[in-house]
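A.B. asks: Here is how the chains run, residue by residue.
Protein chains: 2
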Amino acid sequence: MKNYKGFLIDLDGTVYRGTEKIEEAITFVKELERRNLPYLFLTNNSTKHPSKVSETLEDMGVPSTPEHVFTTSMATAKYVSERHPGANVYPIGEEGLITAIEDEGLNIVETGADFVVMGLDRAITYEKLAGGALNIRNGASFIATNGDVALPTERGFLPGAGSLISVLSVTTGVNPKFIGKPESIIVEQALEVLGTSKEDTLMVGDNYHTDILAGLNAGIDSLLVHTGVTTKEHLKAIDVKPTYSIETLAEWVFGQD
Amino acid sequence: MKNYKGFLIDLDGTVYRGTEKIEEAITFVKELERRNLPYLFLTNNSTKHPSKVSETLEDMGVPSTPEHVFTTSMATAKYVSERHPGANVYPIGEEGLITAIEDEGLNIVETGADFVVMGLDRAITYEKLAGGALNIRNGASFIATNGDVALPTERGFLPGAGSLISVLSVTTGVNPKFIGKPESIIVEQALEVLGTSKEDTLMVGDNYHTDILAGLNAGIDSLLVHTGVTTKEHLKAIDVKPTYSIETLAEWVFGQD
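Note that the protein sequences, when read in sequence, are chains A and B. Okay, so the first sequence: first residue is 6 according to the numbering used here, each after it adds one. Okay, so the second sequence: first residue is 6 according to the numbering used here, each after it adds one.
Among the hints, a few may not be true.
Identical copies carry no separate label here, and so any pair may be met within one copy or between two of them.
Said to hold, decoys possible - 25 Å max Cα-Cα, derived SDA-like pairs, lysine to any residue:
#1 57 with 132
#2 203 with 143
#3 57 with 131
#4 57 with 42
#5 35 with 204
#6 133 with 99
#7 133 with 103
#8 203 with 180
#9 133 with 159
#10 133 with 198
#11 182 with 161
#12 7 with 40
#13 57 with 100
Think of the hints as simulated: they come from the structure by calculation, not from any bench.
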C-alpha cells in the first residue's frame with residue numbers, strides 16, 4: 006500500500022451508516038490526523054452546510070472541522086463561479102446549496118439566469134420547477150449537484166436528487182451537467198482544496214458506482230471498503246477494480262511515519 | 006369522407022387555443038348536435054372535473070354537458086377499477102384525478118396501495134412523491150394519466166405530467182403504464198362510453214403525436230385539423246398519415262342526414 010499524502014473520504018457507508026458510527030473509520034481518521042495527513046470528507050449530500058456535517062462528525066468522535074468537509078453543493082458553486090464569476094443563478098435546493106452559491110459570490114435570481122443549479126430539495130414545489138424549466142428554455146446552462154436517484158432513509162428508499170432533477174431534463178429536453186460522484190469534477194475541485202496531486206491522493210469509499218468510479222474517472226487511486234453499499238460479491242462481477250479493497254478501514258496499512 | 010356515427014374530439018388546439026375559441030370547431034360540434042351524432046371530448050388534461058371542462062365549453066358556446074367530457078383521469082380510474090374493483094389507490098394529482106378515483110369507488114390510501122396513480126399535480130410535494138416511491142417499491146402497480154412532458158401556458162412551456170411522473174420512474178426503476186393519448190387505452194375506454202364501434206368512430210385532433218397516434222394505436226380513423234400543434238409541413242415528414250387532414254373543421258363534409 007502506497008504512502009498517500011492526501012485522502013478523500015466518503016461519509017455515509019464509509020464513516021457512518023445513517024446514525025451509526027463505524028469505529029474502524031474513526032480510528033483511521035484519527036490516525037490521519039496524528040500523521041498530519043490532509044483529508045477531506047467528500048459527500049454527494051447537497052443539502053447541508055459543511056459546518057452541520059462537521060458537527061455531526063465531531064459528535065461521533067471523528068476529528069473534523071468545517072474545512073474538512075467538501076459537499077457537492079460546494080463543488081457545484083465553485084464550478085459555476087470558475088466559469089462565470091458573479092453569474093446569475095436560479096437555484097433549486099436546500100440550505101447547503103443556497104449557502105454554497107452565496108459563499109461563492111454568485112447572484113441568486115428568479116429570471117434571466119445564466120445557470121439553473123439543482124440539487125435535492127425536499128421542499129420542492131411546482132413553482133420552483135416551473136422557474137427552472139423557463140430559465141433553461143431561455144438559455145440558462147443546467148447544472149446538477151448529483152445524479153443519485155434514491156435516498157436511503159429509515160422509511161426506505163426515497164426520491165434522490167437525480168429523480169427530482171429528471172423533471173427539468175424531461176420537460177426541457179436538456180440534460181444537466183452533473184458535478185457530484187461518480188463525475189470527476191467533484192474530485193478535481195476537492196484536490197484543489199486539499200492541495201495534493203492526483204498521484205499522491207487516495208479516494209476512499211464504500212460505493213463502487215459513486216466513490217470508486219469518481220476516483221477512476223478523475224484518474225486517482227481508490228480504496229473500496231466493504232462497510233456499506235458494494236459487497237465483495239458485487240465487486241467480483243465488476244471488471245475495472247478499485248486500486249484496493251478491504252473489509253474495514255482497520256485493515257489499511259499506513260507506511261512509516 | 007365516410008359517414009361516421011361517433012366522434013372523439015380533442016380540446017386544446019382543436020376546439021379552442023388557450024382561452025381563444027376556434028369558431029369552425031364550434032360550428033362543427035353544433036352540426037354534430039343537430040344531426041344527433043354522439044361525441045365525446047377527449048382530453049389529456051387530468052386536473053379538472055368534467056363539469057368544469059364542460060362549463061368552460063358552454064361559456065365558449067360549444068354544445069356540451071359533463072357527459073360529453075372524458076378526461077384521462079376518468080380513463081385511468083376506469084382502467085384501474087376494471088382490473089381491480091375497489092382497489093387501494095395512492096393518488097398523486099389534482100381534483101380531476103381524485104374525484105375520478107372516488108367516482109369509480111376506489112379506495113384512497115396512504116400505504117399498502119395496490120396502485121400508485123399519478124397525473125399532473127401543481128401542488129406537488131416531496132412527501133407525496135416519497136409516498137408514491139415507497140408504495141411502488143412495496144409492489145403497487147404504477148399507472149400514469151399521460152406522458153405529456155410540457156404544459157403550454159401564457160408564461161411558456163411548464164413541466165407537464167410526464168416530467169413529474171419521471172421522478173417516480175427514475176427513483177424506482179419502474180416505468181408506469183400510461184393511459185392518455187397517444188396510448189390506445191383512453192380511446193378504447195372512450196368508445197365504451199360513447200357506445201359506437203371502432204369502424205364507425207372518428208378521432209379528431211390537432212396534434213399528430215397524441216391525438217392521431219392514439220387513433221392509429223386504437224385502430225380507428227383519424228382527422229388531423231391544422232388549427233394547433235401539427236402543421237402541414239410537420240405532417241409531410243411523417244410516414245403514417247391520418248385518415249384525413251384539413252385546415253379547419255369548416256372543411257369537414259358531413260354525409261346525408
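A.B. asks: All the hints need checking, so say for each whether the structure fits it.
C.D. replies: Here is how each hint holds up against the structure:
no.	hint	verdict
1	57 with 132	between (28 Å within a copy, 23 Å between copies)
2	203 with 143	neither (38 Å within a copy, 43 Å between copies)
3	57 with 131	between (28 Å within a copy, 22 Å between copies)
4	57 with 42	within (23 Å within a copy, 68 Å between copies)
5	35 with 204	within (23 Å within a copy, 78 Å between copies)
6	133 with 99	both (12 Å within a copy, 18 Å between copies)
7	133 with 103	both (14 Å within a copy, 24 Å between copies)
8	203 with 180	neither (29 Å within a copy, 41 Å between copies)
9	133 with 159	between (27 Å within a copy, 17 Å between copies)
10	133 with 198	neither (32 Å within a copy, 39 Å between copies)
11	182 with 161	between (28 Å within a copy, 24 Å between copies)
12	7 with 40	within (15 Å within a copy, 87 Å between copies)
13	57 with 100	within (11 Å within a copy, 40 Å between copies)
The earlier numbered hints that this structure contradicts are 2, 8, 10.
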